[in-house]
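**Student:** Next come the chains, spelled out residue by residue.
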Amino acid sequence: MTDRLPPRPLPDLIVCPQCDATYKLARPGHGQRAVCARCHTVLIMPHSKAGIQIIAVSVAIVVLVIAATVFPFLTIKVAGTQNSVSILDAALAFSDGPLIALSLSTAALIIFIPLLRVLLALYVLIPVVLDRMPAKGSRRAFRLSEALRPWSMAEIFAIGCAVALVKITDLADVTFGPAFWMFAILVVLVVAQDNFMCRWTVWKSLDGLRKSEPRK
Amino acid sequence: MSETTPIITAREMGVVGCRRCTQVWPQGTEICGRCGKRLQLRDHKSLQRVWAWWSVGMLCYIPANMYPMLSTRTLFTVQQDTIVGGAIELFTHGAPFVAMIILFASVVIPLGKFFAIAYLAISVQRRSAASFGQRHLLYEVVEYIGRWSMIDIFVVAILSSLVQLRSLAAIDPGPASLFFALSVIFTMLSAQSFDSRMIWDMQSRDKGEASRGH
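Top to bottom, those sequences are chains A and B.
Count along the first sequence starting at 1, add 71, and that's the number in the numbering used here.
Count along the second sequence starting at 1, add 145, and that's the number in the numbering used here.
None of these hints come from the bench; they were simulated from the model.
The reader is advised that the hints may include incorrect statements.
Below, a sample of chain A positions facing chain B; criterion: calculated Cβ distance under 7 Å [unchecked claim]:
(1) Val149
(2) Thr152
(3) Tyr194
(4) Ile197
(5) Val199
(6) Arg210
(7) Glu226
(8) Phe247
(9) Phe267
From the three backbone atoms N, C-alpha and C, an ideal C-beta is built for every residue, glycine too.
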């Protein structure tokens, strides 16, 4: 109808985002992976029933994050005096003066960003797995989730815990609260959820959205 | 994917690939229709951003090492430790393994990262002795390991929230923690700004010149 047609995608090709090598698209089977021959970046790695498994793990993560944040995490005892902290307390430890900014970002890095990423994944994946039209704004949601990926640091906090514990065990008695064990499971699930998701497959399944949602 | 055929880049094929969702578009397309990312054949401002974040990160790393990271108050004494000072303290008090972890995460990794990013940024503009694969591996290691420098911040957070035993003992964070966190964040942004496709461009140019390998 108009003179200028919108650019057409080339669905038979795939370009490695890391090194620009171009390949003819060959979709690997379940459990296999397509790897860039030049820089070894994993391009596609579909798993069978990945969607439903990721959703199950994500729901578990949401429950655990909320529980692990509220319950006592660690308790320290020295000569009759004791102090219990939750993960939220630890995150908000930098509370005086300009350090408050650090408190807020620590809380974001270890609790809110991992939680938000899981919620975004649920929002994007549930309609896809149920074979419905992708939810409104799915592409923006998945984009945000991908942008936040390096800033989700629950697993680093876990190693930080280990180091902190070794630092103080000879000074004081430390006991683990219920949140400690929840957090330990949580970290494994967060890492598993993130590594199990094939980005290419998700983007591919959001492809059908283009007709109904006007291009930005 | 297939090992035998020679690599053709998107630039040589006259197409451009989306760096977020790997969808391929004809060159000249401005925005990826699938995920909405701006399409760039090469990010020409990449190096400027790399060096800008790198410099701010370096600037923050200096006060991070000069101010105290932790101040430990016991019944009679107040002790303030810098990053290196605290690690040495730990080392002499019989926890050499933890001291090594702290030194590695807060000194070796950050400094190594500054060098590695600088090396990568310089090497894409001139020839380098390291192979393309080695440099790409270096880039991936830097990208992966950058976040782990936050360990020390989290250790400070845990210690200073846990060890609050009124008059008996208390650990409080020092100003270095803020600078250290900023330094980690800025170097992460620096590494993210680097367009790794530039590492491989020299390979395509070599192929074009039909120069012999040695």
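**Student:** Of all the hints numbered above, which does this structure not satisfy? Sort the numbers upward.
**Tutor:** 3, 4, 5, 7, 8 and 9
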